[in-house]
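Read top to bottom, the protein sequences are chains S and B. Here the working numbering is used: the first residue of the first sequence is 1, the next is one more, and so on. Here the working numbering is used: the first residue of the second sequence is 1, the next is one more, and so on.
FYI, nobody ran anything at the bench for these hints, they're computed from the structure. Since the structure is predicted, the reported quantities are computational estimates derived from the model, not experimental observations. Glycine is no exception: its CB is placed at the ideal position from the N, C-alpha and C atoms. Any given hint might turn out to be false.
[Claimed, not checked] Partner residues are not named here, just some residues of chain B that face chain S (Cβ under 7 Å, in silico):
#, residue
1, Phe3
2, Leu6
3, Glu37
4, Asn41
5, Glu47
6, Gly174
7, Tyr186
Protein chains: 2
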Amino acid sequence: MIFRQLFDSESSTYTYLLADEHTREALLIDPVREQVERDLNLLKELELKLTYVLDTHVHADHVTAAGLLRQRTGARAVASHKGAPCVDVKVRHGDVLQMGEVKVEVLETPGHTDDSVSFRVGKRVFTGDALLVRSAGRTDFQNGNAGQLFDSITGVLFRLPDDTEVYPGHDYKGHTQSSIAEEKRYNARAANREREAFVQLMGNLNLPPPKKLKEAVPANLACGVISPTQTSSPQA
Amino acid sequence: MIFRQLFDSESSTYTYLLADEHTREALLIDPVREQVERDLNLLKELELKLTYVLDTHVHADHVTAAGLLRQRTGARAVASHKGAPCVDVKVRHGDVLQMGEVKVEVLETPGHTDDSVSFRVGKRVFTGDALLVRSAGRTDFQNGNAGQLFDSITGVLFRLPDDTEVYPGHDYKGHTQSSIAEEKRYNARAANREREAFVQLMGNLNLPPPKKLKEAVPANLACGVISPTQTSSPQA
Numbered sequence: 001m002i003f004r005q006l007f008d009s010e011s012s013t014y015t016y017l018l019a020d021e022h023t024r025e026a027l028l029i030d031p032v033r034e035q036v037e038r039d040l041n042l043l044k045e046l047e048l049k050l051t052y053v054l055d056t057h058v059h060a061d062h063v064t065a066a067g068l069l070r071q072r073t074g075a076r077a078v079a080s081h082k083g084a085p086c087v088d089v090k091v092r093h094g095d096v097l098q099m100g101e102v103k104v105e106v107l108e109t110p111g112h113t114d115d116s117v118s119f120r121v122g123k124r125v126f127t128g129d130a131l132l133v134r135s136a137g138r139t140d141f142q143n144g145n146a147g148q149l150f151d152s153i154t155g156v157l158f159r160l161p162d163d164t165e166v167y168p169g170h171d172y173k174g175h176t177q178s179s180i181a182e183e184k185r186y187n188a189r190a191a192n193r194e195r196e197a198f199v200q201l202m203g204n205l206n207l208p209p210p211k212k213l214k215e216a217v218p219a220n221l222a223c224g225v226i227s228p229t230q231t232s233s234p235q236a
Numbered sequence: 001m002i003f004r005q006l007f008d009s010e011s012s013t014y015t016y017l018l019a020d021e022h023t024r025e026a027l028l029i030d031p032v033r034e035q036v037e038r039d040l041n042l043l044k045e046l047e048l049k050l051t052y053v054l055d056t057h058v059h060a061d062h063v064t065a066a067g068l069l070r071q072r073t074g075a076r077a078v079a080s081h082k083g084a085p086c087v088d089v090k091v092r093h094g095d096v097l098q099m100g101e102v103k104v105e106v107l108e109t110p111g112h113t114d115d116s117v118s119f120r121v122g123k124r125v126f127t128g129d130a131l132l133v134r135s136a137g138r139t140d141f142q143n144g145n146a147g148q149l150f151d152s153i154t155g156v157l158f159r160l161p162d163d164t165e166v167y168p169g170h171d172y173k174g175h176t177q178s179s180i181a182e183e184k185r186y187n188a189r190a191a192n193r194e195r196e197a198f199v200q201l202m203g204n205l206n207l208p209p210p211k212k213l214k215e216a217v218p219a220n221l222a223c224g225v226i227s228p229t230q231t232s233s234p235q236a
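Given these sequences and hints, build the entire structure.
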């Protein structure tokens with residue numbers, strides 16, 4: 001399998017490219033609209049055909065490239081059945097997406113948002129904002145729910161094998177990956193904490209709203225193909 | 001082998017952690033002084049003992065953490081015999097550093113600076129600024145020499161097996177790795193270009209001096225343990 005981790009420095013978002021090296025089919029997880037040319041160029045150089053674009057959830061901090069990539073390549077957009085209505089393939093817990101020899105298992109991991117999913121591929125899991133390196137996504141908007149996030153982290157992700165490699169949706173300190181074993185021991189929000197204490201902690205973070213919340217969410221509900229200005233008036 | 005890629009967003013520097021999972025010995029390649037606490041904390045969490053700190057060259061854009069890490073852990077600093085006099089182990093082309101089952105082969109790849117080396121570990125090569133993703137380090141200071149860099153890239157690095165994974169010292173567009181095959185085909189500076197044309201291209205880049213040149217170079221010649229202010233007067 002071909003695997004590449006890509007970074008968008010403005011939003012600190014990680015995008016992942018996975019491909020079957022024989023069939024040359026590829027998928028992107030959480031591509032960022034501003035990076036669409038970089039990502040299309042890399043696909044071309046690696047002689048890959050984009051088959052799927054997966055979003056882990058409706059993002060509030062950046063606009064997805066899913067819609068643009070669908071227009072440019074014919075790829076199908078994939079996300080949770082609880083998320084953006086614009087996607088082509090609406091997935092549920094336990095669904096499997098097969099692309100050549102690349103097998104993607106869908107794990108519903110709500111709590112950061114109600115539509116959050118993780119994607120497990122072999123020994124790797126792509127956790128979006130449900131589980132970050134030593135952290136976890138905030139739960140104070142977009143139907144976030146701290147109790148639900150605790151259940152997703154401890155009941156779904158922490159039950160994966162210890163040596164599962166964790167690839168997060170973001171990182172702000174320069175980490176690129178972690179493992180389930182490490183997060184069970186060292187996650188600053190969820191490790192060694194009871195559900196109630198986690199809910200209390202997440203309720204007291206007092207973070208400012210994400211800068212792009214009002215433009216990113218409506219844009220992402222349309223797979224990123226309407227401009228922020230078109231969507232900002234109904235929000236105002 | 002344990003492998004981690006780490007990023008310093010201020011200088012866009014990649015630091016690499018490699019460790020033998022049985023002996024728990026670890027080495028860091030190109031650690032950044034501002035990230036010393038992050039890196040020490042990661043070593044502690046992973047229950048690793050830092051044995052070596054390797055620098056690919058005397059950097060001009062950030063200060064190495066080598067000296068601080070040596071003070072804090074007893075690790076030995078490693079770099080080219082042509083580079084910083086402060087290091088403990090001065091290496092040459094073909095030298096091998098063995099750490100448990102981790103075998104590091106030294107490749108002299110001068111041209112960005114006269115002391116630039118790459119480190120080959122199994123199917124990975126850590127190229128510092130000699131070879132970047134689709135690019136190559138500038139050659140207009142610190143005894144840089146474009147002809148020499150061309151010879152290092154095409155005569156040393158491009159002779160590695162095509163599927164060798166390339167891990168650069170920096171990236172400014174969000175790429176985290178490449179391969180020798182890709183760089184042979186797509187490197188914007190060195191691929192499909194004759195030596196003379198490469199020298200001409202590198203001579204016409206007209207880049208401003210690195211912001212930290214005057215403080216970073218003297219600090220790095222002392223493994224980063226003298227403060228920039230102490231070193232700035234003799235430079236002025």
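For this session: Please write out, lowest number first, the hints stated earlier that are contradicted by the structure.
Result: 1, 3, 4, 5
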